[in-house]
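Trainee: Take a look at the letters that make up each chain.
2 protein chains.
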Amino acid sequence: MEMQHKEEEMMVANGGSRLRRMDAATRFLALALTLAAAVVLGVNKQTTTILVKINPSIPPVDMRITAKWIQMSAFVYFVIINAIACSYTTISLMFTLATRGRKKNVSVMVTVLDLVMVALLFSAIGASGAVGLIGYTGNSHVQWREVCNVFDKFCHQAAVAMGLSFIGSMAYLLLVIFGIYKKL
Amino acid sequence: MEMQHKEEEMMVANGGSRLRRMDAATRFLALALTLAAAVVLGVNKQTTTILVKINPSIPPVDMRITAKWIQMSAFVYFVIINAIACSYTTISLMFTLATRGRKKNVSVMVTVLDLVMVALLFSAIGASGAVGLIGYTGNSHVQWREVCNVFDKFCHQAAVAMGLSFIGSMAYLLLVIFGIYKKL
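So the sequences go chain by chain: A and B.
Mapped onto the UniProt record's numbering, the consecutive letters of the first sequence carry residue numbers 1 to 184.
Mapped onto the UniProt record's numbering, the consecutive letters of the second sequence carry residue numbers 1 to 184.
Treat the hints with care, since some could be wrong.
No copy is singled out in the list; a pair is fine if it fits within one copy or between any two copies.
[Stated by the list, open to error] With a straight-line Cα cutoff of 35 Å, these simulated DSBU-like cross-link-like pairs (lysine-lysine) come out:
no.	residue 1	residue 2
1	Lys-103	Lys-182
2	Lys-153	Lys-68
3	Lys-182	Lys-104
In case anyone wonders, no lab produced these hints; they're calculated from the structure.
All chains, please: the whole structure from these sequences, using the hints.
Mentor: Here you go:
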């Protein structure tokens, strides 16, 4: 009877340690992806030359224009949130590795903060995705013209950043699910 | 010793039943708020008359223009996600009331689905918020002009819908936190 009890305890301990390893690996992935997303959009810049007709009587002139992430509030929000998520993950990774899931309160607090990161990251992806979509297709109803035909490289790089952040957010979603299952 | 054990069990049971009542109340609030958000934006429509100069040689003419939620992808996404969240909450509310938290697997599944709702709702709020902000302020870098000076009522109603949905999302966030604490 006692043997069986000990075996069960060992199985639970093994399951817990496997979950902890998975948690640490996923956390590291989330860190890397949100860092990459913030950097990819943060360094995003494209300068291009367009022909502008100032007056119908004179020929059009060349004009150099630059697209930067800082020119659009949604992209600024995206970079800030990914930077926050990345910084938080570094701290939470150290915490979870140091406590090894022994402190239940710390573990619950980390899961709640992971949840906050899910909310923030998804809102940032939604914001930049909506603006990016208008950049690609434009919107004739409000006469917002597409800009990705001019800033193709910029738009492509922004899409890559959003993709990276999306996978990072899925990693956070997984971390919260681990947190829920950990308490089972 | 046995008395003390029974008292502890009763305290845990009381705590669990209080948490279940809070869960049901919050779930009902989330249902009402996401339903209201979907309806408030879904019925949003404003028709206004603007002066348009077609040709410099003739005087400007009146033109009637209409703003609807369906004209903007971010608003369509917002209405769909809020409708999904509201429908899901109705089902999950029935499930949680029927099982009374007795079935652990159902309870965990509901918490994971609540988490998915958090992600979806925050992405929808982010998307419509980003578009709404450009509607209010415009963006000179991409020459997207503000439209809320013309469609003031439409923009105001969209902001109300976003506010309702945001409080609804916070209710979902709370539901996931309850789900995490329930397992403690």
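Trainee: Which of the numbered hints are not met once you compare them with the structure shown?
Mentor: Structure breaks no hint.
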